[in-house]
Amino acid sequence: MISEKLPRIWYGGDYNPDQWPEETWQEDMRLFRKAGINVATLPVFSWARLQPDEDTWDFAWLDRVLDLLAKNGIFACIATSTGAVPPWLATKYPEVLRTTFDGTKRKYGHRHNACPTSPVFRRLSVQLARKLAERYASHPSLVAWHVSNEYGGRCYCGNCEKAFRAWLKKRYGTLDALNHAWWTGFWGHTFTDWDQVVLPNLLSEHTDARDQSRTAFQGITLDYYRFASESLMETFCAERDALRAITPGVKITTNLMGAYKELDYFRWAREMDIVSWDNYPALDTPVSEIAFRHDLMRGLKAGAPFMLMEQTPSQVNWQDYNGLKRPGVMRLMSLQAVARGADTVMFFQLRRSRGASEKYHSAVIDHAGHENTRVFREVAELGAEIGSLGSALLDSRVESSVGILFDWENWWAIEMSAGPSAALKYVQQAAAWHRALWEQNYGVDVVGLEDDFSRYDVIVAPVLYMVKPGVASRLEAFVSGGGTFLTTFFSGYVNESDLVTVGGYPGELRKLLGIWVEEIDALLPSARNSIQVKKPFGDLKGSYECGILCDVLHCETAEEVAVYGSDFYAGTPSVTRNKLGKGWAWYVASSAEPRFLSDLTRTLAREKGVQPVAQAPAGVEATRRKKGADSFLFLLNHGDGPARVDLGGGRQLADLATGKPVRGSVQIPAKGVLILRET
Amino acid sequence: MISEKLPRIWYGGDYNPDQWPEETWQEDMRLFRKAGINVATLPVFSWARLQPDEDTWDFAWLDRVLDLLAKNGIFACIATSTGAVPPWLATKYPEVLRTTFDGTKRKYGHRHNACPTSPVFRRLSVQLARKLAERYASHPSLVAWHVSNEYGGRCYCGNCEKAFRAWLKKRYGTLDALNHAWWTGFWGHTFTDWDQVVLPNLLSEHTDARDQSRTAFQGITLDYYRFASESLMETFCAERDALRAITPGVKITTNLMGAYKELDYFRWAREMDIVSWDNYPALDTPVSEIAFRHDLMRGLKAGAPFMLMEQTPSQVNWQDYNGLKRPGVMRLMSLQAVARGADTVMFFQLRRSRGASEKYHSAVIDHAGHENTRVFREVAELGAEIGSLGSALLDSRVESSVGILFDWENWWAIEMSAGPSAALKYVQQAAAWHRALWEQNYGVDVVGLEDDFSRYDVIVAPVLYMVKPGVASRLEAFVSGGGTFLTTFFSGYVNESDLVTVGGYPGELRKLLGIWVEEIDALLPSARNSIQVKKPFGDLKGSYECGILCDVLHCETAEEVAVYGSDFYAGTPSVTRNKLGKGWAWYVASSAEPRFLSDLTRTLAREKGVQPVAQAPAGVEATRRKKGADSFLFLLNHGDGPARVDLGGGRQLADLATGKPVRGSVQIPAKGVLILRET
Amino acid sequence: MISEKLPRIWYGGDYNPDQWPEETWQEDMRLFRKAGINVATLPVFSWARLQPDEDTWDFAWLDRVLDLLAKNGIFACIATSTGAVPPWLATKYPEVLRTTFDGTKRKYGHRHNACPTSPVFRRLSVQLARKLAERYASHPSLVAWHVSNEYGGRCYCGNCEKAFRAWLKKRYGTLDALNHAWWTGFWGHTFTDWDQVVLPNLLSEHTDARDQSRTAFQGITLDYYRFASESLMETFCAERDALRAITPGVKITTNLMGAYKELDYFRWAREMDIVSWDNYPALDTPVSEIAFRHDLMRGLKAGAPFMLMEQTPSQVNWQDYNGLKRPGVMRLMSLQAVARGADTVMFFQLRRSRGASEKYHSAVIDHAGHENTRVFREVAELGAEIGSLGSALLDSRVESSVGILFDWENWWAIEMSAGPSAALKYVQQAAAWHRALWEQNYGVDVVGLEDDFSRYDVIVAPVLYMVKPGVASRLEAFVSGGGTFLTTFFSGYVNESDLVTVGGYPGELRKLLGIWVEEIDALLPSARNSIQVKKPFGDLKGSYECGILCDVLHCETAEEVAVYGSDFYAGTPSVTRNKLGKGWAWYVASSAEPRFLSDLTRTLAREKGVQPVAQAPAGVEATRRKKGADSFLFLLNHGDGPARVDLGGGRQLADLATGKPVRGSVQIPAKGVLILRET
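Here the protein sequences come in this chain order: R, X and L. Under our numbering, the first residue of the first sequence is numbered 92, with each subsequent residue one higher. Under our numbering, the first residue of the second sequence is numbered 92, with each subsequent residue one higher. Under our numbering, the first residue of the third sequence is numbered 92, with each subsequent residue one higher.
Here chain R stands alone, though its shape is the one from the complex:
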């Protein structure tokens, strides 16, 4: 449970009372209560109000807000307000401003504007966090800490350059080790002094302002990405430590952003008490991808419940076309988050801004200022419904037998690989495998490289390009113990420094997979090959389209399951499986069409006795959350018409909100959701 003070699904969101006159606050309270809101996140961007200059502090207004919230029974997720520095700070200490990828020192503006290695920023941000903790440690409203906001971006300033050199010294010890890891002999970049190292940006190893992942030295850029993610994380940790010292029992989080490339969230999650994230799909984001992002966020802490920290009640403002969420969709997406592991449903924001860049981002209380809007009504209805769920779901966990391996450093390395194909995108590949499982309603987790593989029956590792130390042997152990493992083309190529493992691809995975990949062909976007299944294998049969890359390979100990249908490597293996101990390791040598992914994953699941959560028609998402003996079935109908779901046999279930018994089959209206207690 996030906080014993608020033992139920949290419902609320970002609140910026300092943008409004105090008379508005009273009206806010009335409307919050009407909407069933029980938590407000604040003050997210109020550093300048809390500390108008280095020596002056003003908490009085915040005292009044927090007291008012408390008086109205609303709890506070208190933010440290360090997501944007105030103007006075930037003017007084220009070092806090970042330098961009193209080497330009920024002036004051925007947000996410602090250099992570600036000593001044570290000192002043920690000071502010500490002041807040000291002042509100025992405030009745306080239920969690929210550090900064949506961390991101990278800085290329002189302070960061010096810090990067120190980081490298610690990582490599000697220049020989660094020169080897970065393969500096290529193009004669051998470093003979640590101070010769400069940050890899548009002034040095990068040359394309539009494709910032293009670098002449992958090793350098990869290490800088690691460093940049860690140095931002250290600013989080510094604030966290200040808070924790004063309120050791209060959970601390910062809001993440799903499949956000720049930060290694698995590494970050280790430092966070609970994961929270902001879910902002585009109008045309497939529902399956939202599910993938929830699973990714849940996976960061091995399945622990997470917080949906932000979502919009209706529309955002920063996409090109900011459509409204249709009636029912806000509820559907809120409960999808809960279905996939969230213990909170929170919005950005509670009252809509009058000015600046997010005034066209919708809010619970619209510019109209009253409750007589469609959006408010839907929010209030959902508030009542969530209230009726009580604490039953809290701390329950999503049940999964299949894991998808995901690794941020692998992502970075693949997309800066400088060949063989610009069409290869890691998240697309991972999401495609996830979607195949999601569509069939298999419980699926996203798994980090340091997680326990033995929790799963089947592990899919799309494009496991970078094999870090120990991973190959842990995967061998997983398979030997009976697990089913599947990986794809462009796997096993490099080590953690992006150095190719010579002697034959897939390198360290060669024994596990029992194959040797001799060549790797990149297809033009218009070109296709095919996967021809030799003899039916489970549901796998006939021919499937494939493209992007085609590994040309040889079976060593593996069996050939399918071959290519055309080109000079027609008839050579395109899908293989290799027996190792009690399990099987599969290799899919090209990027196949969705039908293939679906047929193959179903076949592998069935082979391992893995069942879907429910047998539901297309468009209906089903998940199960469990806590001890309690089990809850979520059925979400994403379709535009009603759907009927067979609940199986004579099972007696109950609607969680109403307690009404349900048996046989249920009809779910378009965009409708059912939460059923199974026990």
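Hints are computed from structural coordinates only; laboratory data are not their basis. Just so you know, not all the hints are guaranteed correct.
When chains are identical, the list treats them as one kind, so a pair holds in a single copy or across two.
Below, in silico cross-link-like pairs of lysine-lysine (DSS-like), each with a Cα-Cα straight-line distance of 25 Å or less [what the hints assert, rightly or not]:
| hint | residue 1 | residue 2 |
| --- | --- | --- |
| 1 | K626 | K670 |
| 2 | K260 | K183 |
| 3 | K253 | K352 |
| 4 | K625 | K125 |
| 5 | K392 | K718 |
| 6 | K632 | K559 |
| 7 | K253 | K196 |
| 8 | K559 | K625 |
| 9 | K392 | K602 |
| 10 | K253 | K183 |
| 11 | K626 | K196 |
| 12 | K626 | K699 |
| 13 | K559 | K516 |
| 14 | K253 | K673 |
| 15 | K762 | K670 |
| 16 | K717 | K392 |
| 17 | K342 | K699 |
| 18 | K559 | K222 |
Got chain R sorted already, so can you dock chains X and L onto it with the hints?
Frame of chain R, contents of chains X and L only:
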């Protein structure tokens, strides 16, 4: 009349004799006379020739040119030559060079290269203007002053930053007022000292080098746009004042550029004696848009005749594909300018350049150097024709009963609004309504916010997003007095600081329109909704396509004229009208197809008794200019075949050039033009 | 012969042993021998290894490698390693780093990173070259010198700016001459002091970061391009001189890059002992274009044999989609190079890199490390075949009767012309005419402006926009003497300073062509006109499509061969020919479809008695190389099926590799090649 010295349509253009040896000048005179040219604009870019260093002046060559022009009966629109600074000035005083949007200090080059707030530039440009005025005040050739050239661009240097802070202090008085206007509480940008304010560019509040209108704080950028337009205008005013002090009777202008976004031309026009502009449509610019730009330029000074300062005789060089003007088209476009209010027809340029970036821009005298070219022949024929028109048209005014409201600050604000749709472009919307009226040959003016609304029967205000102080009440007075007013979706949202008017859209226009807009939906480019007319209203009936944005609204005092055809808001109002006093205020809640605009404007015009200038077939443009009792009808056939126009009843008209009577109907050849005296 | 030491086709490529442990070197030798490799290029990027700091040198490792090569009978093309500076040098002397087009000073990184005018770089690069020459002058392996690597790019630093001013003073003598050449009167850029001149980049005369050829002053940019090409060339010459002083008999080259725009290779080739180049077609580059580039490279030294310095054995890494070379294609492309004049077949690289940006570029020895790969087998088979050719082909020359005029400065000028059409690309136009000749297997040379025109029967000069001093009269002499000359639209416009030759286009070519071009129309990409042949002329008849530009012209002394089919200039000439002395000068006034180019070139060739090398079916390329009495016929089948070629009459030929007689006709398999001795 621009000048009593030259009481006829001016015919001529830019002349750069200093690029040629003096022997060429004599040949120029012969050819100018042959072409019927009566005015030359010079010296537009000769600062370095007139003042080779700070202490040296050389006017002798210009004396000779002006004397030669005078001897040949050709007048001079004398330019101040400050459109580009000379190399010595930039080398001696680097402060005069601009700093770009990305924060880069420019080196010497190109044109439009002076920082508008540079004290050195102000001093030296005014000095040059004064010297020219002193020298040529009583030269017989002088008929007008042409200050600088095609002002534009913005500067982001330190001088501009300081000047911007001073401008803000004057505008806001206190930091509290500024913080409120800019809504700096959002993202915690509260300024506590004026010197904390930095210019809004790629180093501060902007983040997209390609879409420079994206800003985190619209209020800041909007004010900077105002400041930038004004600071450039001040450089114009400074030169103007120097000229006016010496030649108080000579009209002063600078050449504008139509729908040019960066400068608030309504504000500029107040400082100019006469508006002049450069008409450079692309090969595929619709004729209607050229008409719109003429009307916009004429509207800057409430309908006063303007100067067509530049057009190309045949082709330009700076478009991707620079096609020739087909035979007759140069005449057609010249007389279109006159038809819509121009009292001059002028070219860039008279002799084609041998070198640099405009050598492939055509001219009256081509590189061939003689008169035996199609282009010269067409120029000379038009010269003779214009000569035969005498002074009849001078100072006559275009007759219009319909006004289109246009506002530069509204334009800026809409396109930096950060939502709801990137597809919304202000000029496109305004031009679409203008086109509907133009196609039906209604006399239409483009009207500024400070103009007298009562001159019109119908006012259309496309996307009146920003409602400045007093505008709503003046519109209410216009409607109450019997006027018909129409506005569209995304209107009435914000005040002059881009702060939303809370309490319900369309804010200050709510009483006038009698509606409440609850939500605003943005459609993907592929999506469409429809406007369903409930029962026929004039020519409005059936169903029309719409898109981009769909306001979801409620009628308060308004009547529902049409509803939406689909989506969850199907059946709710899409077109409304509201009675206020003696008039009606209309609201069109989505961006409708041209047929709708046509049907609705015709219906509204008819209701107010407004008649088209002429009943002419499609492709024939008709306008009327009036002066006292004189009335002139222009008929321009843009089609590729001949067109017959019924002149109506037994009216006796006369061809203006020949005096020949015309009655009944006339046949106009393809690309042909008729100018008829109606009185 | 490149070197008497190695009197056969060189076979080998880039070798980077310093990236590998010494134990690998032995294995390399074994595999090199197995592959028939006889030459290795090294050390291309080892400056930091050879000179770890300014005072330390380490040649021991290189001694060992060269000795090992010698012991294994493999020769060395020794590189000077100056293609990238080492980190210590950049840190110690920041002046060596370049400044980019947008004015940014680079930090250390990437390659091609030295400023060409840096005195430090000149001193240290020459010192390194000298040290290498001193050490290896009499090493048995040394067969050639390879200076730096793939020179390219431009620098915009202060040193370059000063050097540019000095270069201008030398070129122009006076500022008056410079102001005239640059036409600075336009936009008032008259320079009154040499120090006012700044480099033309994004800070000065250029405004478009994406289209760097757009400049306000073509004359300035053109001169800077000349200067930039020459200043890089001077760094080459400086190293060359140091090498030549010590090893006067050893040939010196640097590897060029085909149709590489930035460097005037005709000028460079004069300084090189032998031309070498790197052939990296994209997956979808037409074979004809590769042939064009070979001919261009051979043309740089008037037909002397050249070196194919680099090609990939299978795939590259830097294209978006890096497909494999299909079986046989590597051989086909290798022998195409030889067929068109190469005396070497060399690869990048011999052992594939483990790290950095080219690790996915294929190599003779793959990451697998052994010889059991398709790629290695194909390399070894070709090695054996090339070995069997002996020295027969060495120094033989490709036979051609047709020349295509090509000029780098013309290329620069056309594409920065600022009109009339962005669709006009010089290399496309030249390659289109080359392709027409290539498809018909005419022997064709690419000819520089300073070459001897009299060697040819027919000269085609596509878009001879810039006519430099003397060229027009030399072309008149060529035609008067009986030659056939053909040029196209947009020719004869400007002199070497991009100043238009006034008095009528095509300026200096007007007498030669007998026409006056009055206007030049630019068509939208979607638009087309047609060339209508009045009465059949040879194979030219009927109608052909044309576009991009249409010159509207008048015949003076020329005959009309064809007219336009549409638009207002329908019926006016589109193709003309003019008799001058004993020859004919043709003008093609628009960009015509390939069929036209084919029909016309065939007609002209036939008229001059020029025969194709062979009568071969489509897809079969035929060339002939001759040396004294020896003659060799190459037949290359680029098709996907077998092709039969009639060898003509009763000629007795012999397979060069096997000596087997061939007579009558031969069948060539798909992707197959035959080299036949004809004597």
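Going through the numbered hints above, which ones does this structure break? Give me the numbers in ascending order. 4, 6, 8, 9, 11, 14, 15, 17 and 18
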